[in-house]
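Participant: Turn these sequences into a full structure, and let the hints steer you where they fit.
Sequence order for the protein chains is F and H. If you count by our numbering, then the first sequence holds residues 13 to 702, one letter each, in order. If you count by our numbering, then the second sequence holds residues -4 to 300, one letter each, in order.
A hint or two may mislead.
Said to hold, decoys possible - Okay, the calculated beta carbon distance ranges per label pair:
| id | chain 1 | residue 1 | chain 2 | residue 2 | range |
| --- | --- | --- | --- | --- | --- |
| 1 | F | R54 | H | R162 | 37 to 43 Å |
| 2 | F | M13 | H | G237 | 57 to 63 Å |
| 3 | F | P666 | H | G237 | 33 to 39 Å |
| 4 | H | E249 | F | A14 | 57 to 63 Å |
| 5 | H | R162 | F | Q696 | 43 to 49 Å |
| 6 | F | A26 | H | G237 | 28 to 34 Å |
Since the hints were derived computationally from the structure, they do not count as laboratory data. Only a predicted model underlies this, so the values are computations on that prediction, with no experimental measurement involved. Where is the CB? At the ideal position from N, CA and C, for every residue including glycine.
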Amino acid sequence: MAFLAPLLLLGLAALAVPVLLHLTHRERDQVVLFPSLMFLERVPYRSMRRQKIRNWPLFLLRCAAFILLILAFARPFFTDTTSLAVTLNGGREIVLLLDRSYSMGYSDRWQQAQVAAREEINTLGPNDLATLVLFEQRAEIGARSSVNHDSVYAAIARAEVGANITRFGPALQLAKSILEQSEFTEREVVLISDFQKNGWSGDEAVSFEDGIRLRPLPIDGTDASNVTITSVAFEREPFSAAEQVTTVARLVNQSDLNVTNLLVTLELDGREVATQQIDIAASGTAMVSFDPFIVGEDQLRGTVRISDDALLQDNMFHFTVSSGQLVSVLIVKPDAPTLDSSLYLENALAVGNTPTFVTETITVRDLNTDVLEGRSVVILNDTAPFDGPAGNALVNFVGAGGGLLAVLGESVRWTPEASDVLPGSFGAPTARLSSRNNVLGYVDYSHPVFDVFNAPRSGDLSSAQFFQQRPFTVTNPESVLARFADGSVALAERRIGQGHVLVWASTLDSYWNDLALKPVYLPFVHQLVKHLGKYVEPIEWHTTAQVLDVASMYAASGHQLELERDDPVAVTPTGVRLPITGTDSTVLLELAHQGFYEIHTPGAVVDVPLALAVNADRSESDLTTLDPQELASSVTGRAVTERLGNLVLHERSPDDAEGQQALWRYLLVAALLLLTAETVLSNQLSQRVR
Amino acid sequence: MAAQRHTLIPGASFVDPKVLARIENLELVARILVDGFINGIHKASYLGVSVDFAEHRGYMPGDDIRRIDWRLYARTDRYYVKEFEADSNANFSVILDVSKSMGFSSGGLSKLDYAKFLAASLTYLANQQRDRVGIVTFDSEIIERVPPSAKHLDVVFHTIDRAIAGRPGLLGGPLLRMTEFFKRRGILALISDFYEEPDTILRAVKQFRAQGHDVMVFHVLDPAELEFPYDAASSFEDMESGERIPIVPENLREQYKKLIEEHTSALAKSFNEQRIDYAVFNTSTPIDYALFAFLSARERMARVR
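Facilitator: Shown next as structure tokens:
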């Protein structure tokens, strides 16, 4: 017990006041003048009241009230908070936050953290309550204890380093919610972590209420080298019917030590295919390019691995690779085309390898069912052969999932059959007015064709001038994707069966507009063709803690997943089989481990296993630490004042201790109650005397 | 004038002291009080030149030979001297205690006021009898002295009027010094509250008696001093010494009354033995009634003597 204002205890000397009052007050409050005390002094018995307390309860009440008042103003507090907790509530409650993000696997950090957690539990008494919370990106309760802390010890021993990144926010929030429901006065959060800077942005908005303390226990590992494979890139080249893929790995040295003779190995389907030896300067980066290999339609599992260092989790990088989706494009031009009407189109589609466009240009007279075989997209460049066999072939092609782009130029003619395919009808070309050029005025940026242009400085579609266009009247206004500034339709879409039809109301050369001369032309054409060809960019790897929709992944690969029939099962990198549940349209799978997940459909007629490469988030490899005191201060709103060895203790100042305990309030209330009782009692006594 | 009828003496009307307190003119007060009295109720205490024959006595050397009754010498052949009774021109002095305790009042007239009225009445009465009147006021010392004279009535009244109770009092010293003033025998009226031991008081008063003075002692007390009617426990402060003692009156009232009664009884007994007239005057009692009762008793006693 200590006092914030001990000098005020001198006021206890004033206890003599009520004593004197009791002894003398009633006689002295009234003085009677008398001629002579000659006879009164002869009386041996004068006033017995002066020499003894007349009402002990009243006297004791006054003394007690006075003592309580003095004590309250002296601002007492208990210095030994543990004994206080035991006195008041019989114990304390702590929440042990144990960081198990994969950076804790660095060197012997995890072992240190387990030891620190056990030591913390050792300090608990039988009346104390402990909760172990294991956290990385998310937080979960590992164990709770009451009288016996064995369950917590066991949970600490069972806990393993995970594959996710550090996030302090959820863990602190969980600890807060646990302790806010606690009835203990002594509540404490012990945070055991390597305190990575990436784990705390400062925007978490976690704030502990008064009475909850945060004690950080930073775990510090030995300073060792750490090289991280941050990403792998692929350069694809068409090679016969397959692709030739060159793998380029990017490595970062996260430590301040130079790394020499580092072996970097490329494994494909579990076999080492190439190894290189490199040096990386301190805090430097390196790119390692391996010889190309051929990839067919089958999925190939690859891993780039480096020799072991202090942090194992970022020494490997998994990926899956298969031949990229080739988009076969058939350009159909009029029988007597303008000389270079398809020039810009062909050149635009010849550029790029994600995907690789395979283009063929024919005249409209050569269009038939056979030539449409294997095509993904047909571009009718200034022609509209919707009547006759060619028309039927096109309808069937689109209905089966093909894409059709109709470019309305000078030569195109309207036939009634066109209304079966196009989203509307077109008329004669508008007059070319040099003074009133048109521009694109409205674009539906939510459509896949235009979403890449949505971001600022990602392509200005309105820069192109349109001198002529064909008026196009849509049957469904919602099918319009772009309009000219005068309100006329520029691009419209219609869905037939599983395929799409797009109508461009001007040309894709330089006769009716100068779009082909603008930088936005190439991505615009690519987006049109990708959309019509249903191109999905292949995902070579995923990141831990991602949640994937398996159904959509199957759909992208051309398979329809049916839960009841296919009975899909995921096999984790650790070999555990996880039944996948959900609905037919949404089947979710959480990726918790680094490595290769395999999804099997044992119930399907043909089991098509799907491999998913999962890598840990590389931001965790950055081991830069933050100041634990800063974190504790921002969460508790109080300063951390003392550092003890490696452990940062949240020592409270006398002001803080007194402020938190606020014993003076209880004393003041007790004093007021006593004074009230004293008033009632003394009033009763006064009335009785009268 | 308000008056109240007292049952002790039927037919006599007496004046309430509270009413007298409102009258500022002391002479008027005295006249009101005394006018109903019998004129010349007292006789001269010694023989003088008068027309009334008193007795014959044998001639002694030194006697004036003119006072020899020659007719009786002729009949008896012995020298006799004729003596006459003198009924006036006696010296009458009031000895008034103006010590601080005399200023006490429990609600009505203070003891000093009462004593003033008493002194004024007696002086007026004496003056009516053609006595010489004088006064001495004292506390622990002699404060003022007016020698007896037939012309000093106004001065005496004025002196009485000015008297205030200011300082602590003492009987022995002042009274001893007063014996030097009263060479000629006369009548002395001592008015005090007598807060001293009876022996001390008697020793002081006895000197006057030894000088041959006719001494009347008036013991003035407030009703509160006689009855001690206090209830609340209080600090009692001595008016003269300032000393305080806490008192619970209910516990010592009876003892106090017993002590004060013993005190007055002792005084009465001692004074009686010395043939000194003594009376206790309660300030709640009408002055004229008390005066009348006292003088009546004195008259009766004088006849006995």
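Participant: Just tell me: holds or violated, for the beta carbon distance of F:P666 and H:G237 against 33 to 39 Å?
Facilitator: violated, 53 Å
Participant: If you check the beta carbons of F:A26 and H:G237, does the distance land in 28 to 34 Å?
Facilitator: holds, 29 Å
Participant: For the pair F:R54 and H:R162, does the Cβ-Cβ distance stay inside 37 to 43 Å?
Facilitator: With Cβ atoms ~24 Å apart, the hint is violated.
Participant: Evaluate the given range 57 to 63 Å for the C-beta pair formed by F:M13 and H:G237.
Facilitator: Given about 50 Å between the Cβ atoms, the range is violated.
Participant: At the C-beta level, are H:E249 and F:A14 separated by a distance inside 57 to 63 Å?
Facilitator: holds, 60 Å
Participant: Given a hint of 43 to 49 Å, does the C-beta separation of H:R162 and F:Q696 actually sit inside it?
Facilitator: holds, 47 Å
Hint check: violations occur at hints 1, 2, 3; the rest are consistent with the structure.
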